[in-house]
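Asker: Respectively, the protein sequence lines represent chains A and B.
Per my numbering, the first sequence starts with residue 12, numbered consecutively.
Per my numbering, the second sequence starts with residue 12, numbered consecutively.
One or more hints might be untrue.
Chain A is nowhere near these chain B residues, computed Cβ spacing over 10 Å in every case [claimed, not checked]:
| id | residue |
| --- | --- |
| 1 | V40 |
| 2 | T41 |
| 3 | A47 |
| 4 | A50 |
| 5 | E53 |
| 6 | A69 |
| 7 | L95 |
| 8 | R112 |
| 9 | E124 |
| 10 | A162 |
| 11 | K166 |
| 12 | A169 |
| 13 | T183 |
SDA-like mimics (lysine to any residue), calculated; alpha carbons at most 20 Å apart, straight line [said to hold, decoys possible]:
| id | chain 1 | residue 1 | chain 2 | residue 2 |
| --- | --- | --- | --- | --- |
| 14 | A | K252 | B | E279 |
| 15 | A | K92 | A | Q116 |
| 16 | B | K252 | A | L268 |
| 17 | A | K252 | B | A267 |
| 18 | A | K252 | B | H282 |
| 19 | A | K252 | B | G276 |
| 20 | A | K59 | A | S146 |
| 21 | B | K166 | B | M184 |
| 22 | A | K252 | B | E215 |
| 23 | A | K166 | A | S13 |
| 24 | B | K252 | A | A272 |
| 25 | A | K92 | A | D66 |
| 26 | B | K252 | A | R270 |
| 27 | B | K252 | A | T216 |
| 28 | A | K252 | B | T210 |
| 29 | B | K252 | A | A275 |
| 30 | B | K252 | A | E271 |
| 31 | B | K252 | A | T210 |
| 32 | A | K252 | B | R270 |
| 33 | B | K252 | A | E215 |
| 34 | B | K166 | B | H125 |
Note that these hints are calculated values from the structure, not bench results.
Beta carbons: idealized from backbone N, C-alpha and C, even for Gly.
Protein chains: 2
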Amino acid sequence: MSFARVAIIGLGLIGGSIGLAVRDELSGVTTSGFDADPAVRERARERKLADEIHDDAAEAVTGADLVILCVPVGAMGAAAKAILPGLSPDAVISDVGSSKRSILQTLQAALPEHTIIPAHPVAGTEHSGPDAGFSTLFHQRWCIVTPPEGAPEDKIAALVDFWEGLGAMVETMDPEHHDKVLAVTSHIPHLIAYTIVGTASDLETVTRSEVIKYSAGGFRDFTRIAASDPTMWRDVFLNNKDAVLEMLDSFLTDLALMREAIRAGDGEMMHDTFSRTRAIRRSIVALGQDDPRPDFGREHE
Amino acid sequence: MSFARVAIIGLGLIGGSIGLAVRDELSGVTTSGFDADPAVRERARERKLADEIHDDAAEAVTGADLVILCVPVGAMGAAAKAILPGLSPDAVISDVGSSKRSILQTLQAALPEHTIIPAHPVAGTEHSGPDAGFSTLFHQRWCIVTPPEGAPEDKIAALVDFWEGLGAMVETMDPEHHDKVLAVTSHIPHLIAYTIVGTASDLETVTRSEVIKYSAGGFRDFTRIAASDPTMWRDVFLNNKDAVLEMLDSFLTDLALMREAIRAGDGEMMHDTFSRTRAIRRSIVALGQDDPRPDFGREHE
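Assemble the whole structure, with the sequences as input and the hints as a guide.
Answerer: And the structure:
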């Protein structure tokens, strides 16, 4: 089986990119879209983020065999309730959220009669909203599918095919493990970035203007992900608390060791750590998960 | 006054970029270069990083009216001793290191009869060595000049002119303040990046291969600066200990508050912080200190 009509609920960066990618890469598949914000719907119509943009969530999912919820994690429950009246009994309900265990529970509670197969495309930029999406966002990026026990194999396979059709590589994983992996590769980096950018803007001895001027020393790298959508990220931390705290405590232990090395002048410990971390960067670039050009390919004109 | 002959000691990313930039942008100024590593000198000759590459540091500075030490902070003292026999009494000795107070003390102790005017171009990439430099590295970047009390005004002005000639914007500052500003905008970001990349590669519950595969969720951003030169960075932390520890403790205080917000489920505190940090990013982009394109301009093909 494969999907013929995809409903996209939430037309920001990810939802909009899915709509544009389906149009560009999956011929014969039609899309319908909905967003709770009328201004977003208007912009979505102008950008043609889906073939049809509806003013009502239940109408948007009518006739769809795949429904993808592209809303903040904390809005999943309300979105599920809003689409229920229009849902076909055979439709697969999926999503793109960054914490899978809580979303699976929420969706199974809201839609107990339906097939729920959560997914998470590990892709994005720091921009958000209906102007941020583009059709190649998922190329060469991983999408993690986290089917619950007993989910129909043909529907799982169809969802995997769908994401591969958008250019992604797909891995399946159980939701608990997904949440630990993403805590390390995404949630803690965002938490650290948000925190250090906050720290730097409130110092007594260094002005905010100085922080901005001299940010090319490394700080500016952190400001990119610290410019991500605040509501989306609040919801991620509220919904992946256990894994985030576990990984945060590992980081804090290591940072305390590093602090002690600096205090004690232990250059050997520092040099050892700083040498090991280079290898990870090389592997990420070799695997096509980052730009091989220096400085992320930033322009130096 | 202006400089006619510039000696560059150390031909890695920064030294090599200075040589290439002088050739491209300062007509009439000649360069001579030296590196302690014979393999680097050979590559520097092939890339023509300076007009002349010498096998002896003292020979390289003979006749130079500006000498720029482009070596790790911990190697400044040895480099100063090595050039002394060839130094002209009127030459200005400068450098490009990332901690100014310790370098000023080291150079004044090693070269008590000479004019020392430290400087720090806040520019770079994660690459290092003689192949890493390029002539536009300093364009639109700030260079901080930290003249000691009593340094001759005409020589300070000539050094400012030199850096502006390479495309940089120049600010003067006292060395202590420089060290605090750079602790925030450069040293702490590097320390955090090195630490989290180390943490992520040693976890029990998530494999290194998973960290690499799903790094596009944010982690990969940190791996770039964690791929910087280990010796250079060890020396920065050994030589800017006080300011780094002060700023690190501010960050740790804020991170503890954020940890508590996650533990307690305080979504309002998180949303407030995450909203404020967006403004800093916008200011950095508006000031030309980062690429305005989403995702640093990384390619999404």
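Asker: List in ascending order the numbers of the hints, as given earlier, that are violated by the structure.
Answerer: Checked against the structure, no hint fails, so every one of them is satisfied.
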